[in-house]
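Using the sequences and the hints given, assemble the complete structure.
Protein chains in written order, with numbering that gives the first Met the number 0: chain A, 0 to 194; chain B, 0 to 246; chain C, 0 to 463.
Hints are computed from structural coordinates only; laboratory data are not their basis. Take the hints with a grain of salt, since some may be wrong.
Claimed, not checked - Label-pair restraints from in silico Cβ distances:
(1) B:S204 <-> C:S123: 46 to 56 Å
(2) C:R124 <-> B:S204: 52 to 62 Å
(3) C:A20 <-> A:P29: 48 to 58 Å
(4) B:G29 <-> C:S403: 33 to 43 Å
Note that the coordinates shown come from a computational prediction; the quantities given were computed from them, not determined experimentally. Positions of the beta carbon are idealized from the N, C-alpha and C atoms, including for glycine.
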Amino acid sequence: MADREAFLARVRAAQPAHEPLPEVPLFAAPSGDLRERFCAALKLMGGGEAQVETAADVRAWILQRFGSEARIASATPEVEGTREITADTKPASLEDVDVGVVRARFGVAETGSVWFSEREYVVNALGYLVQHLVVLLDPRQLVAGLQDAYRRDDFRGARYAVLVTGPSATADIEGVLIQGAQGVRSLTVVWLPVP
Amino acid sequence: MKVALFVPCFIDAFYPEVGIATLELLERFGCEVDYPLEQTCCGQPMANSGAQAEAAGAERVFARAFAGYDYIVGPSASCVNHVRDHFNAIEQTDEVGKVRESTYELVEFLHDVLHAQDFPWAEFPWRVGLHNSCSALRHLHEASVSEIAGPVFSKPLALLERVKGIEFVKPARPDECCGFGGTFAVTEEAVSVRMGQDKVVDHVSAGAQYIVSADMSCLMHQQGCAERMNADIRFIHIAQVLNGARE
Amino acid sequence: MKRVEHAKLAGAFLSRPEHVAFHDKRLWDLRSKRDAQAHAIPEWETLRTLASQIKAHTLSHLADYLDQFTRVAEANGVQVHFADTAEEHNETVYRILHERGMTALVKSKSMLTDECDMRPYLESRGISVMETDLGERIQQLDRQPPSHIVVPAVHKLRDDVAEVFGRTIGTDPHNNDIHYLAESQRMNTRPWFVREKTAGMTGCNFAVAETGTVVVCTNEGNADLSANVPPLHIVSMGIEKLIPRVSDLGVFIRMLSRSALGSPITQYTSHFRAPRPGAEMHFVLVDNGRAERLAMPEFWYSLKCIRCGACMNTCPVYRRSGGLSYGSTYAGPIGAIINPTFDLKRFSALPFASTLNGSCTNVCPVKINIHEQIYQWRQVIAAQHELPFVKQEVLKMAGRLLGSPTLYRGAVASLEGALRRMPNFMLYNPLNIWGKQRDLPHVPHTTFHAWYRKNRKGGGNGGS
Chain A
0 MADREAFLAR VRAAQPAHEP LPEVPLFAAP SGDLRERFCA ALKLMGGGEA
50 QVETAADVRA WILQRFGSEA RIASATPEVE GTREITADTK PASLEDVDVG
100 VVRARFGVAE TGSVWFSERE YVVNALGYLV QHLVVLLDPR QLVAGLQDAY
150 RRDDFRGARY AVLVTGPSAT ADIEGVLIQG AQGVRSLTVV WLPVP
Chain B
0 MKVALFVPCF IDAFYPEVGI ATLELLERFG CEVDYPLEQT CCGQPMANSG
50 AQAEAAGAER VFARAFAGYD YIVGPSASCV NHVRDHFNAI EQTDEVGKVR
100 ESTYELVEFL HDVLHAQDFP WAEFPWRVGL HNSCSALRHL HEASVSEIAG
150 PVFSKPLALL ERVKGIEFVK PARPDECCGF GGTFAVTEEA VSVRMGQDKV
200 VDHVSAGAQY IVSADMSCLM HQQGCAERMN ADIRFIHIAQ VLNGARE
Chain C
0 MKRVEHAKLA GAFLSRPEHV AFHDKRLWDL RSKRDAQAHA IPEWETLRTL
50 ASQIKAHTLS HLADYLDQFT RVAEANGVQV HFADTAEEHN ETVYRILHER
100 GMTALVKSKS MLTDECDMRP YLESRGISVM ETDLGERIQQ LDRQPPSHIV
150 VPAVHKLRDD VAEVFGRTIG TDPHNNDIHY LAESQRMNTR PWFVREKTAG
200 MTGCNFAVAE TGTVVVCTNE GNADLSANVP PLHIVSMGIE KLIPRVSDLG
250 VFIRMLSRSA LGSPITQYTS HFRAPRPGAE MHFVLVDNGR AERLAMPEFW
300 YSLKCIRCGA CMNTCPVYRR SGGLSYGSTY AGPIGAIINP TFDLKRFSAL
350 PFASTLNGSC TNVCPVKINI HEQIYQWRQV IAAQHELPFV KQEVLKMAGR
400 LLGSPTLYRG AVASLEGALR RMPNFMLYNP LNIWGKQRDL PHVPHTTFHA
450 WYRKNRKGGG NGGS
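See below:
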């Protein structure tokens with residue numbers, strides 16, 4: 000392995016003259032209701048939406064949508080899964096889970112993205128190894144754009160943070176859109192305020 | 000207004016009618032036009048091939064032939080771009096500097112300096128596909144480009160619109176490169192031809208009877224492709240249209 | 000090393016019209032989608048300027064930012080390694096895996112690992128490497144490099160993929176249904192994520208100095224699988240990926256996917272700052288000629304690149320020649336300006352695989368002056384006597400001819416005579432490259448010069 004000091008010294012010797020760091024302004028957000036913008040963006044990225052009255056309805060919705068035999072792993076105490084997950088759960092053990100349930104900390108209207116960290120996921124692999132993801136989102140927890148999301152402190156405290164936008168996708172073969180490339184086949188945002 | 004006419008080498012050799020039309024057009028607008036007989040070439044072919052130093056001879060001749068003029072006008076955006084931006088093989092004296100900044104492409108000159116509004120002698124009753132060369136578009140900024148968000152404008156169109164009877168078609172990729180690219184046309188012949196064929200097909204499909212451009216090099220390449228393809232389309236330089244050519 | 004003959008390889012690609020037509024249309028479509036995004040955001044051009052300035056600033060203080068990044072990362076519990084060369088990168092990765100008894104590596108897309116030729120290095124030492132990105136996997140199975148940095152198998156049609164998969168992972172070679180093919184790859188790859196003695200590797204789109212965070216953008220979620228299932232996550236990153244602050248991501252993430260695919264964001268934008276409890280995270284920082292390029296006044300701007308591929312999508316030459324004709328991990332316009340630093344002679348044809356049309360420069364989200372660097376590389380290549388097409392002597396002769404009005408006029412006079420005299424079939428012989436698929440210009444009866452002398456008096460300066 001290269002020596003750290005020698006490595007940095009070589010870079011330092013090669014650097015061009017100082018160029019200033021610009022001030023990045025906050026740009027005006029497009030007009031429109033945040034939730035409406037979020038929904039339009041989410042739809043564009045292949046995500047789905049559902050509306051429920053209470054947290055108890057979520058499990059019923061899942062069973063109706065994915066079948067009564069669906070294996071459910073829930074990272075949020077609001078929804079009961081068919082198996083328990085904790086921070087000590089082995090990631091690979093989620094391989095046979097049909098539906099993962101997780102509450103997002105916030106959403107981004109510009110892109111239809113939802114934000115998670117290890118705190119939300121409990122087991123990070125929950126967002127990816129399961130076949131379908133159900134995301135609880137409080138409509139009051141929406142920011143307008145990525146410029147706003149990246150000014151939040153949430154990124155600093157998280158070991159792992161992710162902006163998830165719709166399900167896993169690819170168009171690598173002839174540009175044909177496939178949902179469920181390596182990750183989840185579907186992602187559904189369920190609007191539900193935080194209790 | 001005294002103007003020196005710069006006739007690029009390949010126009011001199013293959014398309015004298017474009018040089019003649021440019022001369023006559025400038026005279027119609029009251030310019031006193033000199034044609035310095037010593038001129039040869041701007042040096043672009045050597046410089047674009049990487050041998051910038053070998054362009055020195057041509058650049059020296061150009062600087063000498065056009066010394067002292069306030070306006071040097073040439074019907075070729077790529078040549079004019081070379082003079083303004085890459086004319087570096089010779090010593091940059093004040094005189095050379097003046098020649099460089101006084102060199103205009105024809106459309107630029109008509110639009111920005113002469114403010115040419117009308118061409119009452121002109122009539123071109125055809126469906127026209129306007130082709131703007133990449134030099135004219137992206138290096139001389141004579142029109143907006145589809146990949147940059149901003150105000151839409153076009154100096155060549157502003158001029159041609161004033162010609163009686165002219166109708167414009169809308170090709171699918173109006174500002175994609177046609178594939179001439181100088182020596183590229185020969186060193187990357189297969190790709191160059193494919194690009195030229197695609198360009199011709201685009202204009203033909205849009206219904207163009209003529210492709211009009213301010214750059215004869217692009218037209219030379221497109222015409223070569225079109226004729227080999229037996230495509231039903233013709234080619235003419237903007238100077239000729241603005242000067243009153245009917246076909 | 001032997002020169003990559005771009006023109007010849009492009010000719011081979013062009014001999015398959017169905018592939019070319021699709022390739023050109025698909026990538027132009029991405030370019031059009033990019034345009035739509037750019038036009039929909041009023042501040043787009045301002046964002047480009049900001050992105051360019053942030054990158055230029057960072058590169059001008061790169062050592063300090065690398066210092067900050069690595070110290071913070073180590074404080075976060077990440078193990079940091081430095082690799083001067085591609086070989087050192089491969090050795091380091093192998094050592095990390097071998098020390099922990101790993102026998103397989105699942106990885107998401109990383110151009111750097113292709114640049115370092117990591118796969119054969121690891122595989123020859125007993126480590127299986129599974130590319131998890133669909134496009135990269137297709138190329139891995141077909142033993143071809145990726146042809147595009149964002150859509151690695153864009154040069155293939157569904158029948159090609161069906162043939163490759165049929166040959167390698169046991170699918171029905173006559174079933175070219177794209178959903179079937181994609182699902183087959185998903186099922187074939189999936190067991191590897193949960194396999195024992197397996198590590199995960201990702202590349203890096205952005206490395207944030209402020210927090211020691213590595214940002215990875217994918218659509219498939221394969222980076223998140225590779226990083227979050229196995230107990231070991233290795234990040235391969237080029238030193239030019241640094242940006243100063245988390246808030247700067249508000250500029251770059253807005254631009255990356257819009258520039259690459261014309262979609263507002265990738266399906267997954269992942270931020271890795273510290274390992275999971277009980278797991279390991281390693282960052283391998285690679286130079287491999289980047290510091291050398293940083294010291295080149297004409298070319299260091301190329302290090303601003305965020306690997307979006309927009310330049311490839313817009314390049315009319317790339318779209319019709321295919322990425323494999325560039326002979327390198329990096330193809331298209333960015334390839335033309337990066338590759339000569341790796342091997343000038345080998346890649347000396349690439350800066351000439353360009354019409355200098357400049358649309359690449361216009362779509363680049365970080366405002367790299369690509370077409371200007373392409374022009375500059377031509378000067379460097381000529382100065383090093385590595386011109387691929389024409390001998391320096393020929394250009395010297397042309398220069399002398401065009402520098403002498405008398406010689407020039409003589410040549411023009413004989414040229415027209417020659418063209419007028421020779422019958423068509425001789426003009427169209429195989430040696431005449433222009434005339435292979437194009438008609439030659441018609442020969443006029445006079446030059447402008449001769450017409451002027453005959454029809455107008457005088458001439459102005461230096462009349463002869």
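Results of checking the hints against the structure:
no. : hint                          : in the structure
1   : B:S204 <-> C:S123: 46 to 56 Å : holds (53 Å)
2   : C:R124 <-> B:S204: 52 to 62 Å : holds (56 Å)
3   : C:A20 <-> A:P29: 48 to 58 Å   : violated (37 Å)
4   : B:G29 <-> C:S403: 33 to 43 Å  : holds (35 Å)
Hint 3 from the list above is the single one not met by this structure.
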